Amino acid sequence: MKTILEARNINKYFRKPVLFHVLKDINFKVNQGEFASIMGKSGCGKSTLLYILSTMDTGYEGDLYLNTELITGQENEKLSYIRNKHIGFVFQFHYLLSEFSVLENVMLPAKKLAEKSIEEIEYNAIEKLRILNIEHIAKKRASQISGGEKQRVAIARALINNPTIIMGDEPTGNLDSQNSDNVFNIFKQLSEEQGLSLLVVTHDQDFADKTDRIIQMGDGRIIN
Amino acid sequence: MVNKKVILNIAKTHLVTKIKQTATAALGVTFGIGSYITLVCFMTGLNGMLDDLILNQTPHIHIFNEIEPSKKQPTDLYFEFQNTLNIVHSIKPKQSQKRIHNALPIINYLNKDPKVKGAIPQIKEQIFYIAGSIELGGNLTGIDILQEVELFNFKDYVVKGSPQALKNNDNGILLGAGVAEKMSLDIGDRVQVSTIKGDVFPLKIVGLYQSGIADIDNIQSFANVKTVQRILGQAENYITDINVKLFNIEDAIPLAQKIEQQFQLKAIDIKTANAQFETGTTIRNLITYAVSITLLIVAGFGIYNILNMMIYEKMNDIAILKAIGFSGKDVQFIFMSQAMIIGAVGGSLGLLIGFGLSHLIGSLPFETEALPTISTYPINHNPWFYIIGFSFAMISTFLAGYLPSKKAKKIDPVRIIRGQ
Ligand SMILES: Nc1ncnc2c1ncn2[C@@H]1O[C@H](COP(=O)(O)OP(=O)(O)OP(=O)(O)O)[C@@H](O)[C@H]1O
Ligand SMILES: [Mg+2]
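For the record, the sequence lines run as chains A and B. For the first sequence, UniProt numbering gives the first residue as 1, with consecutive numbering after it. For the second sequence, UniProt numbering gives the first residue as 1, with consecutive numbering after it.
There may be inaccurate statements among the hints.
[What the hints assert, rightly or not] Taking lysine to any residue and the SDA-like style, the derived pairs with C-alpha atoms no more than 20 angstroms apart in a straight line are:
#, chain 1, residue 1, chain 2, residue 2
1, B, K409, A, Y81
2, B, K329, A, L113
3, B, K12, A, S101
4, B, K18, A, R141
5, B, K117, B, L146
6, A, K41, A, E192
7, B, K18, A, S98
8, B, K18, A, S101
9, B, K329, A, K41
10, B, K329, A, N76
11, B, K12, B, K329
12, B, K12, A, S143
13, B, K266, B, K409
14, A, K116, B, K5
15, B, K5, A, E115
16, B, K4, A, E120
17, B, K329, A, I82
18, A, K78, B, K329
19, B, K5, A, E122
20, B, K5, A, Y81
21, B, K20, B, N9
22, B, K5, A, E99
23, A, K29, A, E192
24, A, K85, A, E99
25, A, K78, B, K12
26, B, K226, B, S194
27, B, K409, A, G73
28, A, K188, A, D206
29, B, K18, A, F100
30, A, K29, A, G62
It is worth saying that the hints were derived from the structure and are not from the lab. Bear in mind the structure is a predicted one, so any value in this text is a computation, not a measurement.
Hey, can you work out the whole structure from these sequences and the hints?
Here it is, written out as structure tokens:
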């Protein structure tokens, strides 16, 4: 089984306001097509870990590999490209460009990647919105839709470039159980049919139970 | 590039949704550039007019025979007194001719010089105007009228009649406007001219001359060189002054020095004669640029402020863009291009407003005795001003946008995302 993401001996400290060892010797792998969830108490460092894995946070010790390539220490331009092409990120809170339409928000990462024509990108974006049951709001401005809708738009945006791995920080936190199930099914389908890897932080035990593996965190360590 | 298009589109959307701030920033630039264009067109127009006034009618080199005491007195030459201290009291100039000896060969010689556009003769003479019982002192200058027109814009100062009329009339005179008024004479009338020696000649008034300077117009008149020579009873080679116009005014000083040495004549160059004039031009230019740059700096600070504010408001957007794969450079480019768009739009508008305003000023009536050729305010629409103005706008907005955009480039997305 091919390893997509690997963390080796990751340590992170916050130096302000006091020295705080937030991540302690994190080691784990995510394989291709694997759907893993991370659980743990609030404040145990799940989000912090996810920011490091997503290459946005470079202030850590240890080594990070994506597709067996060392990410740690790469230049910012390269990290941006990796985020754009290989990593889809769904935030704990929904983050959309509020002045743009839903469709434009979803299309943006693909436009940046510029591997496809605008028509193709638009077609794909509408397709992703349709899967998430929000096709009808494509033309609305991102500031004029509900919280649950925003979260699904963010998921559609994370999917647009067909990344190798999706990382989610409580991606279903704002959804009712029906839509939460829907998102879970989409994730499951993508991992099974397209070999997409998923690493999702969740507080929802039912959601976690249905995933392939639960990574339990406590006090900055991986417990199992 | 597709990437740049995406980024520009983001920049545009930000600007459009914050249209009020964008407009404020752009108007600052518009104001700065508009006033620069208006000021510089007007000021240089004014400079140009004064240049024309002074430089075009003033010879670049004026050659004449100055009456002055001999620098070497006969005793200095006498070798027996060589080692003694000689004091001669009450030295007076030797009664010398005003005429330039060998004037015609000198004129020929000068006209062959490739630096010289033209060298033309004049005869200056003091006379009296007599009409009925009135007798007025004045100057009569003999000129080669067509060459004066060509080289020194003489036509501008002939307010009635024409230069050609003087050329065609051997007994014609271009009477000073002040003289004509005092003696209530007009074109077609006759005026008697008396030389110092007492000979009286009747001349026909073929035109009126007005320089705009009352002191001159009250005494000065012009006639053909031949006419004046005849009045004075002098031969055809009697010339008192030579006026030289050069192709390049910068040659005036060296050539004047050369002429003085070579011909033992007095040769005054225009730079020495009008030294204070250039100072005025320099100072007006200085004021124009100082004011414009001040306005642009103020506009620049406006842009700086608004971009800073914009970046503060767009922290979230910046974090999202970085999270989904836009690099720091891309983000910097977004804000840089916003600054440049503001600069380009504001600058172009400023050029238009400057163009309109200076046209408006250029159409306002500006009539003054002193400047007979001018009827509206002088405006100089040099395309370079527009190029400079636009570059000014772009450079100042670039500088104003640089620091804020650099800040946006460095924003750490994790801090923003956590901050919510
Ligand atoms: N910038 C920071 N400086 C100092 N301490 C921080 C900083 N950011 C987070 N922390 C601390 O690091 C710890 C881990 O935070 P993190 O956001 O990773 O928790 P989490 O596991 O995601 O919690 P939750 O489930 O509530 O989202 C917390 O105790 C938090 O107070
Ligand atoms: Mg968290």
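| query | Are the Cα atoms of K85 of chain A and E99 of chain A separated by 20 angstroms or less? | reply | 24 angstroms, violated
| message | For K329 of chain B and I82 of chain A, compute the direct alpha-carbon distance and say whether it is at most 20 angstroms. | response | Since the Cα atoms of K329 of chain B and I82 of chain A sit roughly 15 angstroms apart, the hinted pair holds (cutoff 20 angstroms).
| task | Given the hint that K409 of chain B pairs with G73 of chain A, test it: the Cα-Cα distance must not exceed 20 angstroms. | result | Holds, at roughly 19 angstroms.
| Given the hinted pair K29 of chain A and E192 of chain A, is their alpha-carbon gap at most 20 angstroms? | 18 angstroms, holds
| field | Pair hint K18 of chain B and S101 of chain A, alpha-carbon separation not exceeding 20 angstroms | value | 16 angstroms, holds
| message | Tell me if the straight-line CA distance from K116 of chain A to K5 of chain B falls inside 20 angstroms. | response | The given pair, whose Cα atoms are some 14 angstroms apart, holds under the 20 angstroms limit.
| Given the proposed pairing of K5 of chain B with E115 of chain A, does the C-alpha separation stay at or below 20 angstroms? | 14 angstroms, holds
| When you check the alpha-carbon spacing of K329 of chain B and K41 of chain A, does it fall within 20 angstroms? | Violated, at roughly 37 angstroms.
| query | Straight-line Cα separation of K329 of chain B and N76 of chain A no greater than 20 angstroms? | reply | Measuring from Cα to Cα gives roughly 10 angstroms; hence the hint holds.
| task | Assess, step by step, whether the Cα of K409 of chain B is no farther than 20 angstroms from the Cα of Y81 of chain A, and give holds or violated. | result | Holds, at about 16 angstroms.
| request: Given the hint that K4 of chain B pairs with E120 of chain A, test it: the Cα-Cα distance must not exceed 20 angstroms. | output: Within the cut-off at roughly 19 angstroms; holds.
| task | Sort out whether E122 of chain A lies within 20 angstroms of K5 of chain B, counting only the CA atoms. | result | 16 angstroms, holds
Violated hints, in rising order: 6, 9, 13, 24, 25; the structure is consistent with all others.
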